[in-house]
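Chemist: Construct the entire structure; sequences and hints are all you get.
Protein chains in written order, with the working numbering: chain A, 1 to 565; chain B, 1 to 326.
Think of the hints as simulated: they come from the structure by calculation, not from any bench.
Warning: the hint list may mix true and false statements.
Pair by pair, the computed Cβ-Cβ distance ranges are [said to hold, decoys possible]:
#1 A:D447 x B:Q13: 22 to 30 Å
#2 A:T244 x B:E131: 39 to 47 Å
#3 B:I152 x A:E217: 34 to 42 Å
#4 B:E55 x A:R545: 40 to 48 Å
#5 A:T440 x B:V311: 42 to 50 Å
#6 A:A219 x B:I152: 27 to 35 Å
#7 A:A219 x B:T20: 57 to 65 Å
#8 B:Q87 x A:E151: 38 to 46 Å
#9 B:E55 x A:G537: 22 to 30 Å
#10 B:F189 x A:E215: 28 to 36 Å
#11 A:D447 x B:R245: 51 to 59 Å
#12 A:Q224 x B:P88: 28 to 36 Å
#13 B:T20 x A:D401: 56 to 64 Å
To spell it out: a stretch of chain B is covered by chain A in this simulated footprint if at least three of its residues, at any positions, have a beta carbon under 8 Å from a beta carbon of chain A; those stretches are [as the list claims (entries may be wrong)]:
#14 86 to 100
#15 154 to 165
Virtual Cβ for every residue (Gly too), placed ideally from N, Cα, C.
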Amino acid sequence: MSYAVMTSNSRRRFLQTIGAAGAVGTAALAGCFGVDDDEDDVEVGDEVPELQFVFPTSGSNPDRNELGGFISENLEELGFEVDRQELDFDPQIQQATVDLDFGLNLSGWGGTPERIDPGIFLYDMHHSSTTGEGGRNGAGYENPDYDEIAEAIMAETDQEARRELVMEAQEWLAMDQSRCYIANEGGVHPYNAERLESVNPGLGEGLNGFWNFMEAEPADDVDQVTFGYSSDIFSLNPMQDLTTPDRQFIRLLYDPLYRFDEGGIPTPWLAVDEPDVSDDGTTFTVEIREGHTFHDGEEVTTEDVKFSYELFAEYSPTYATYLSGVEDIETDGNEIIFQLEEPDATFASNALGQIYVFPMHIWEDIDDPVNEDDEDYIGSGPFQFDDWEREVEMQLSRFDDHFEPPNIERLIRVPGDEDALVDNIESYEIDMLGVNPTTTQIDRLEDDENIGMAQFDAVGHAFMNYNMRRDHYKDVQLRRAISHCVPKTEFVEEIRGGQGSVTHSPIAPAIEEWHNPDVDEFDGDLDAARETLEDAGYVWDSDGRIHYPPDWDDDDVQMFLSVDG
Amino acid sequence: MGLREYVIRRVFQLILTLWTLVTLLFILFRMVPGDPTSRFVMDYPSDAERQARIEELGLNEPLYIQYIEYMGQLLQGEFGDSAHYRQPVSEIIFPLFLNTIVLMFTALIIAYTVGILFGAAMGWFRGSRFERVGIIATLVARASPEFWIGIILVWIFVFQLGLFPRSGIGGYGGELTMNFVDRYINFDFLRHLILPALTGAIVYLATPALLMRNTMLEVLKADFVEIKQAEGLPERTVLYKHAARNSILPLVTVAAIATGAAMGGSVIIETVFNWPGVGREMVASVSRNDYPVAMAAFLLMGTSVIVMNFVADILYLYLDPRVKYE
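Modeler: Okay, here's the thing in structure tokens:
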């Protein structure tokens, strides 16, 4: 068993040493209480080591906490020993995602429109280049054959060919079970149906969606709409490391060249038309709208676009990588020309759809764009910034000169405790909520005819990672057996009260274009789990504890089913 | 030992206590797994970017260097920049701190005024039905969790009577100002203040009420009370002017410490009523590993308690000449 050691942080190293010592101690203890083979007729190998199962506390995520309990019980019934480690949000990320100190890790990924394209879920999260500490391939799935298919998905520009690759990739992932995909959690966001004639919940985001703020229709006499969310925005400066709620409001203030439409396809926004791509796929030419202005009245020019792309390339921790393949940016009248080093199928959705255009006349005077802000947040987006007091509220108003002005005249964003905000909906003090109420609260809200419920499907998902860096999770059959112990339907129907849908693939069923419904399924079937283990030669001792097959060899384990031969 | 020497010695002790507090806090926060970048792990394109941020925050330095740097900063009266907001900690904490002080002082003033009068009356009417009911009521209030009292008040005053707004410090969409008068002296703010302040008052009321009653029982045995009664003074005058005044001494310490602790705000009241105060921020910053903000918030509260304790000790010297400094 090897532990990753960080050289940069002595405290972490200290904690890890303690952790390692603990593990050694446990192993030594296990040795003392070895099984007495004499009493047993069956010949057995070593005990399968205790499963170190990391999952959220009930405070951090009540639903997944309950699921973690169910999975543990199933595993114990099957003869595994489970070390349940319930952790709060940050400690869980630190231990499981950064320090990679876990056996099983129950976690999840949020889904925003940028993630509708299958690239992120299929490449970033399963390619062998992202298995490092803090990387997105937390399972440590390193399958050279899969790498090839994932790389092809990123490069393939022919839609039909790409689709076939995406389908195949999902089949492979389901066979190999480097990660057990459990459910797309989805949700329901309440709103005041008296004050809002209609809302437009977005895929994966509900009322946080861009098109909700654009298209929600206030009643006749309503000129101010309040929107509640469980935390305040940290920063409106895209040069900083941002969380999803930050991005959801930054995009109201600033315009990109292309916007993701409701189906996650980048469509012309500040750009007049689709980008003109050269035959070799390395030159993208974009023509921008004439006469559009920033909130301060200055016109948006290609110079601003060029300046912004260069600013992002230099400073943004999140977006700079999208621009690393850009060799040169030139402007020509109303056209901006991006010269890439090599063809990139994702340039339109990653760079053109996510890099915002800043006013050069403001940001060129800012020396340290990461730590300093434009305090008025002048952009050219459909909403303009009015005022903000942290933890109290943020005030935005409609930018009337925008080419697509929203229906809401004034938008107030109120952060706060979720329960208080749900009460605020019930006392008609706020108009929309961007978080999921609990099952009991939903029942109560549904009784009020003045309150509407906006249902939406998820793009992201809950999943359980196997740590394939550790020997005992290398066996594909063992992983498949453990996956059989995850009661997915029970999670959605019982624990989540019917919110969301069961999934077996990283691509959500709601994304019909890319989802493969025909892959191996696992769903709380202990008989199937037992059978899988028996077929693979695993045996149980007289106490019901599970053991490796007698002739077990760590170096001769089948890691992947997807590879032929 | 003279008064001067006593005060100097106490000030020295105060500094020592504060230093211990800072050091303990510093170590405790670094013991918690994770760092300010943990939350963003999934958002960094690669570990290199995250490491760069850790270096930028100086968290790659050995712990003792970070400690020396932090202490140096603190001695210059600076709390540093928040790892999360990338703004000076003082800018973030100050408005929240102000909100907390306004709420907690209102609650404490109600609690101590009502508590003292009520406690004195309970002591005076010892053995009566009034006292028995009073003690039970006080104990119930003291034993009730803050959130429960808050929820009950919300249920009655917001959802049944519709008298007060549910949460926040002002009507949504109003003017956001840091001008103290415009911010706090208006009807809308008052409407928002009443329920959380009342919740706090109910919770804090028990201590002064029970303490006052106990001291009253002692004082009532004293000869001067009997003499005053013999002088034929009205009962009310003897109760509040003479007996109560002499019973108030122990409350000075309790009130001073309560005031100090109140500076840290009440996480629960602030959460239930969505009050943008320093207590909530304290919890949030701890869970985000935003060390500078968490340190500052705890330090502020700890310092208040220590300083108010000191103030109480000094006040004692003046209020009660029998107290000796040794």
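Chemist: Run every hint past the structure and note whether it holds.
Modeler: Hint-by-hint comparison with the structure:
no., hint, result
1, A:D447 x B:Q13: 22 to 30 Å, "violated, 60 Å"
2, A:T244 x B:E131: 39 to 47 Å, "violated, 58 Å"
3, B:I152 x A:E217: 34 to 42 Å, "holds, 38 Å"
4, B:E55 x A:R545: 40 to 48 Å, "holds, 47 Å"
5, A:T440 x B:V311: 42 to 50 Å, "holds, 47 Å"
6, A:A219 x B:I152: 27 to 35 Å, "holds, 34 Å"
7, A:A219 x B:T20: 57 to 65 Å, "holds, 59 Å"
8, B:Q87 x A:E151: 38 to 46 Å, "holds, 41 Å"
9, B:E55 x A:G537: 22 to 30 Å, "violated, 49 Å"
10, B:F189 x A:E215: 28 to 36 Å, "holds, 35 Å"
11, A:D447 x B:R245: 51 to 59 Å, "holds, 56 Å"
12, A:Q224 x B:P88: 28 to 36 Å, "holds, 32 Å"
13, B:T20 x A:D401: 56 to 64 Å, "holds, 59 Å"
14, 86 to 100, "holds (count 4)"
15, 154 to 165, "holds (count 4)"
The structure does not agree with the numbered hints 1, 2 and 9 stated previously, though it agrees with the rest.
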